[in-house]
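Please arrange chain B on chain A, whose structure you already have, making use of the hints.
First to last, the sequence lines map onto chains A and B.
To convert, note that position 232 of the first sequence is 232 in this note's numbering; the numbers rise steadily by one, no gaps.
To convert, note that position 148 of the second sequence is 148 in this note's numbering; the numbers rise steadily by one, no gaps.
Quick caveat, the hints were computed from the structure, so don't treat them as lab data.
Since the model is a prediction, treat every value here as computed from it, not as a measurement.
Fair warning: there could be bad hints in the mix.
Unchecked claim - Straight-line Cα separation of at most 30 Å, DSBU-like style, residue types lysine-lysine; simulated pairs:
1) B/Lys162 to A/Lys4
2) A/Lys260 to A/Lys271
3) A/Lys264 to B/Lys162
To be verified - Which bits of chain B does chain A cover? Going by a derived footprint, with three or more residues having C-beta under 8 Å, they are:
4) 65 to 76
5) 129 to 138
6) 182 to 188
What the hints assert, rightly or not - Cβ-to-Cβ under 10 Å is the rule here; a few derived chain A residues that face chain B:
7) Pro147
8) Asn163
9) Ala167
10) Leu171
Even glycine gets a Cβ: it sits at the ideal position worked out from N, Cα and C.
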Amino acid sequence: MIGKRKLSHRLYTYLILLFLYAPIFVLIVFSFNSTKSRTVWSGFTLDWYRQLLQDKEILRSLYNTLAVSFLSAAVATVVGTFTAVGFFSMKKRIRAPLLYVNNIPLINADIITGVGMCLLFVSLGSFLKFKLGFGTLLIAHITFNIPYVILSVLPKLYQLDENLVDAAKDLGCTWFRAFRKVIIPEILPGIINGAMIAFTMSIDDFVISYFTAGSRVMTLSMKIFSMTRKRVSPKINALSTLLFVAVLLMLIIVNLREIKQDDKNKKQIKKMKEIIK
Amino acid sequence: MTNRRRFLAVPYIVWMAVFVIAPIVLIAVYAFASRDGAFTLSNFSAMGTYLSVFSRSFLLAIISTVVCLILGYPLAVIFAHETSRMQKIMIMLIMLPMWMNFLLRTYAWMSILESNGLLNRALAFLHIPPLNIINTPAAVIIGMVYNFLPFMVLPIYSVVVKIDRSLVEAAQDLGGSPAAVFRRVTFPLSLPGVLSGITMVFVPAVSTFVISQLLGGGKEMLLGDLIEMQFLGTAYNPQLGSAISLVMMIVVMIFMYFMNKFGEGEDKAVLM
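The following block holds chain A by itself, in its conformation from the complex (with noise of 0.2 Å):
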């Protein structure tokens, strides 16, 4: 009875898994197509791949979408962690209404932050004589960012014992200091996931870039939807590939490393148990 009840959740994960894996499957094997087509198969090539690395449109978009990924990020993270010290520090009365409206980036649609930045960097543009580009593609993204690392920070904050800041000034430390050598080590777990969030959220964004970039910046997303309206080049799945690939790597390699850590820690525990004993 138990064991068919497991078959069944097995399968039913197994059939949700396909349904998200299916076209990552299938634009992964067109990546390797002879031809254009992108249903049927004639043949093995790695034409793809190597006309990509001559594509300097393509490479350039994916430039601006890392560049704008790791900059939005960093500053978030920086901006986000003070924040979040600084709501954290705040009465309640206070930080309640700040959270609200740090929220709100979160709650709403893509289209209406992109669409009310589109909105703004215009109408500033026309007064301080700027236009879009890089720079309000890159001040959209940290303002998106900046409200996923806070939200990680400040759980982390709440579980800090309040005593250890206090110890650190007790014994001669200001308070900064006592923010770098206390706070920000207890706080770090959050930071960094903070910062993957921010980097994971600004590198897939493609409504928010499309209303703030304007013309003459393209992010990898912006440029392959110009190509949907038309046909997208293989060239395209290639470089896909390669960055699934990429990720994938990462995530095996910190997870067995994960998985290592865990099995050591458990043979010490038994160690230590043995010796107790």
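Quick look at chain B alone, frame taken from chain A:
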């Protein structure tokens, strides 16, 4: 010291005022402005012609959200009952597709669903008559469910995994049938996850313009398409676009308010 630390938040408060509040104020201002900047309500009266777009968007988004819930809830519960190592792997498998560009994944569905696509080829191989899915609302729903399913699974999973197992066991010991235990214990306790899942799926679904353009073939215009057209498309009219955005934002807010109201009621019922 605590006093001084507060000021660390000041730069971001200024930033929010400029880049979070001001854009929304601008949308509201534009919504009530005519092309030459005078106050008008004509943007809202012009929206009457687009009523079908509103109803279609909300209908498709609601259907997609329900499908995501029906598919995602059991999956989240299955995950929560696995060993912790298996849980990690499964969560990773759910998140991994998000690292492939979502436009491209949606585009891949075109290859699968097209009339000469991979699905119909497979069906022909099995001597089953072909399905006509592409450029229909069904294709748009498949695209939405595909893109937003992880947003339903993850919040439900993270709540279900924290449910105190002893509560479930107590209900079983007291003679509750599996269905009763689920209806009276597991489901009410998982409700916060369900509500945040519903929001996380519904909001992007109701405002998407990419999925409808790729899989709906442009025939099924949605709210997102309508707004995009007013700002970057052929029908350039940011005032009308702002008015539509404003109405959409308010309707979504009302929708979410009632959802949370309903959720609070359930919470209290559980406590009593």
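Results for each hint:
1. B/Lys162 to A/Lys4: Judged against 30 Å, a Cα distance of about 26 Å means the pair holds.
2. A/Lys260 to A/Lys271: Measuring from Cα to Cα gives roughly 17 Å; hence the hint holds.
3. A/Lys264 to B/Lys162: Holds - the C-alpha atoms of lysine 162 of chain B and lysine 264 of chain A are around 26 Å apart, at most 30 Å.
4. 65 to 76: Check passed, 3 qualifying residues.
5. 129 to 138: Per the Cβ count (0), the hint is violated.
6. 182 to 188: violated (count 0)
7. Pro147: 9 Å, holds
8. Asn163: 13 Å, violated
9. Ala167: Interface hint status for alanine 167 of chain A: violated (12 Å vs cutoff 10 Å).
10. Leu171: Since chain B brings no Cβ nearer than about 13 Å to leucine 171 of chain A, farther than 10 Å, the hint is violated.
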